[in-house]
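Chains as they are written, first to last, in our numbering: chain A, 1 to 632; chain B, 1 to 490.
In silico lysine-lysine, BS3-like type, Cα no more than 27 Å apart, as pairs:
id: 1; chain 1: A; residue 1: Lys204; chain 2: B; residue 2: Lys319
id: 2; chain 1: A; residue 1: Lys116; chain 2: B; residue 2: Lys447
id: 3; chain 1: B; residue 1: Lys426; chain 2: A; residue 2: Lys22
id: 4; chain 1: B; residue 1: Lys434; chain 2: A; residue 2: Lys160
id: 5; chain 1: A; residue 1: Lys575; chain 2: B; residue 2: Lys426
id: 6; chain 1: A; residue 1: Lys160; chain 2: B; residue 2: Lys426
id: 7; chain 1: B; residue 1: Lys351; chain 2: A; residue 2: Lys160
id: 8; chain 1: B; residue 1: Lys447; chain 2: A; residue 2: Lys160
id: 9; chain 1: A; residue 1: Lys567; chain 2: B; residue 2: Lys426
id: 10; chain 1: B; residue 1: Lys154; chain 2: A; residue 2: Lys601
No lab work stands behind these hints: they were computed from the structure.
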Amino acid sequence: MLISLVPLLPLLGFLLISLNYKRLSHSVVSIIACGSVFISFLIAIELFAQLISLPEDQRSFNVMLAQWISTGNLSVNFSFLIDPLSSIMLLIITGVGFLIHVYSIGYMHDDAAFNKFFSYLNLFVFFMLLLVMGSNYVVMFVGWEGVGLCSYLLIGFWFKNTNYNNAANKAFIMNRIGDLGLLIGMILIFINCGSLDYEEVFAKVSSLDTNTITLITILLFVGAMGKSAQIPLYTWLPDAMAGPTPVSALIHAATMVTAGVYMVARNNLLYALSPASLNLILIIGLATALFAATIALTQNDIKKVLAYSTVSQLGLMFVALGLGAFSSGIFHMATHAFFKALLFLCAGSVIHALGGEQDVRKMGGLKKYIPITYITFFIGVLAISGIPPFAGFFSKDEILADAFAHNPLAYGVALLASLLTVFYMFRLLFLTFFGNERASHETTHHIHESPKSITIPLIVLAVLSAVGGFMNVPEALFGSGRLTEFLAPVFSQSKSLLEEHPLSHGTEYGLMATVIVLTVVVIGIAYSMYVKKNEVPVGDESSVGTLQGLSYHKYYVDEIYDAVIVKPLFWLSDKFDVVIERLGIDGLVNTTGNSVVEWSKVFRLLQNGSIGFYIFIMVIGIVLMLSLTFIH
Amino acid sequence: MILSFLIFWPLFVSIILLVVRFKNAKELALGASIIELAASLFIVSQFTKTAEPQFVVNVPWITSLGINFNVGIDGISLLLVLLTTVLVPFIILSSFGSAEKRPSSFYGLILMMQMALVGVFTARDGFLFYLFWEMALIPIYFICLIWGGEGSGKITLKFFIYTLTGSLFMLVALVYLYLQTSGTHTFEIGALYEAGRLLSVSEQSIIFWAMFLAFAIKMPVFPFHTWQPDTYTVSPVQGTMLLSAIMLKMGIYGVIRWLIPVVPLGTQEWGNVAIILSVIGIIYASCIAIVQNDFKRLVAYSSIAHVGLISAGLLTLSKIGMQGAMIQMLSHGITVFAMFYIIEIIFQRTKTRSLAQLGGIRNVAPVLSSVFIVVMLGSVALPLTSGFVGEFLLINSLVQYQIVIGSVAGITIILGAVYMLRTFQKAMSGETNKVTSGFIDLTTQEKLVLFPMVVLIIAIGVYPTPLLDISEAAVNNILVIVSDFSASVK
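Bound-form chain A, shown alone:
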């Protein structure tokens, strides 16, 4: 029963607020919205404590709530599964979610649609919890599509702005492309296993042939590409920054976009049975990590940099999954949730302080005005850059070590993407908080540190970003890999299928040293460019042909999609409507109708009223009939 309360509380919060949104005051709404998520968080802790106290092979509870769809041999229930994987997800969603709810109280304070915002936020948490708690594919799919809906509603939250609405539509439609893959994949699972329950599917899946599993896993991964913004379905995520910043932090950094990572990890057994799919994930992950990082290098919108960084970091998580290092992927997802949520919320605080400014070229020198935001942002940057002992160091190092053990090329690309990350994050830090003040005097005058409801979540997340890595310290550093050990039962079956590439501790030390040295060098370069020389990016005017211009214009991918997919679709639709529909099909129908009328006009002439003519026709008829009889 306790388990069902976890998603039901936020749902209750949503219903309470949305059905009374005119009557409730802002403070009551804040209490309902934050309170419901907080209680869910407490329950999630309790569930986690219960799990951890159990022996490995018993760490999972199944709860069936109600029958949902049942007909023929298809039977789907509303039922939940709590195991180490979903338990970690629950903690992140409700914990980080709660902090962002609190932050939003301050951030959305002056917004007229305050109540609506919180109702959507609660609805989002409900669907996100369904996604990770469902014990079958269909409940996961409910959450999957539901978070897409909330993302749509929240990106287009300020619906007067046409660009924001376009961004919202784009997000929903791109996600739907992925969802179709997921849906077909699910149906194929049902056809082949006769069930959609994880437990039953995993029990039967080893008997399927590899081609079927490869097809299924690729289709599922198409869903992950949409939700987790991987090439080629990533372009909606940067545009999604149109939503209020807490939304970017919660949905488009910490939780929803990691749903794809969760889903692949959940299906680890299927993926372990299909090396081809794992390779595909590895390649897509590497490509996305590198590609998005190169775009982030030249962006000037503080949220856009973070958005491309998210795409890139998600790519890194998929690299881990593609290597079969499922728990490393989940580990990085957890630390990323801390530091990326932190970075977004700090960005929100900066934007808040500057009265809505998002362009780093109009910032600079802010550290003395908003010290808490500055320090927490700095911690976030250290964490994402992988400076020891901050959170990102441990999780990123694990992925890099896995890559090195598996394939040197993969290691090279992942390392490059990580170093680019260090560069653009420090560039962002320096441009925002160091150097000359480039904001107008008027703006500078009004700069103030954000209220407590904003700074406290920042501080908590900063602490988590600083120490979060210690949940999984590798053996080489005298840790015991506690997270890996906790998650082990979820991945035990696939682990036995995949070959291991153990590294000696010496190699691991070497890798760590390499990364740290290179990171320091990159920070030095960024420092000399943006602090010593005080360079300010030009951006808009940068010439088209150069690499820099290419990166600044995001490789023109949006333009290419527009020319290759959107325009042709509209052209085709228009031709369907004007040519095939009106001239073709309906033309044929009308011609048929008209020809009946025309022929009737001809036949009408036969009815001319002349008795002689009728007798003449009759005689001819009789003659014809008689002659026919004779022939027979």
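Given the coordinates of chain A, assemble chain B onto it according to the supplied hints.
Positioned in the frame of chain A, the structure of chain B alone reads:
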């Protein structure tokens, strides 16, 4: 007895309204339709979930031709009767905001329509089925003609002739089957099933196409659909609601009851062609919906797309497909009714249905906007709305049938989102303009119609089991007839 009441009560009130010309025709019609709804709910309460037809009334009518007045209800019939009896009061209520000319005739025709619809969904005699089928055409023709918009004369005539032509093929097929019945010829449904199944594959194929043509025109399935967008657009909104929410289900029902079990071999022989046509229709109509500017026309095309999926899933002859078709018929009826009403509300206030002229209604009408969102979600089949259950089952059945066909049909979830979100954005989002700045939010009467639809969309999405249970046994029965026969041939 109760079933005779269900058929003759609306007819009785309808005749009174057409002859006497009441001043309070609206209220009388509403009252009559509520009594009808209560009667149908009584049937639900007495219904047992078996495959057998219940509440049967079977009296000889034209004995020399073996025609009986034979009606009965099984689970498939019951769901569609329910759809009719639930929606008709709301269709009547939806007209309360506007003053119709000659109200007594208007409501009389709506009730006559209801009687014919209930008749179609319950008839168990081929001749009677055909009779009700054609009877349904007459009131809707007059509703569209007399109360329709500009150019209704030509368009409704086309609609009338087109559907009548289709029905004639069906009549020929029915008579042919009748002549094949053993012993004294009869139109009794079981006898027609027997007769049809004994025919050779080629004969069954001809009958399949003759009947399918009538049903395909009614639904409509690509490429027999071109009467539909014009008729939906020009009809008064209550006419559009009757046509789209209920009447097109006659075609789907016809396939289930009067096509598949009658000529199982013909269906297996030609079902794939019909499925491919339906799937082409899904993509084709969705694409056209994307580029429409007239709101009503857009929803008309979206309806073709939705019906295409139902028809395709149904013809896979799988249980999941048929059950999906049943639940999707209800869902489609509810969402399309609500959507057309929203369009009418916007039209009454702004005097336009052009999306290019609308915009920003969200700013001034938050309640309407929220209702719109739920109806839209039902239409794009978001999980936990009624649309998802049906589409999930239908796409599932199609993927099982053939993965490529299933995947192409599945594109509907993408294209549906494209045209619905685009519509919502154009009509509701953005800043208000001259046309929409004075927009008034929903009135109490409008809420009375729309809120129950919102509740139904979500309720069916969350808990579809009772409805699936009602039709389960009857659907099984149809499939048993098909598979028994296929087995006996092999």
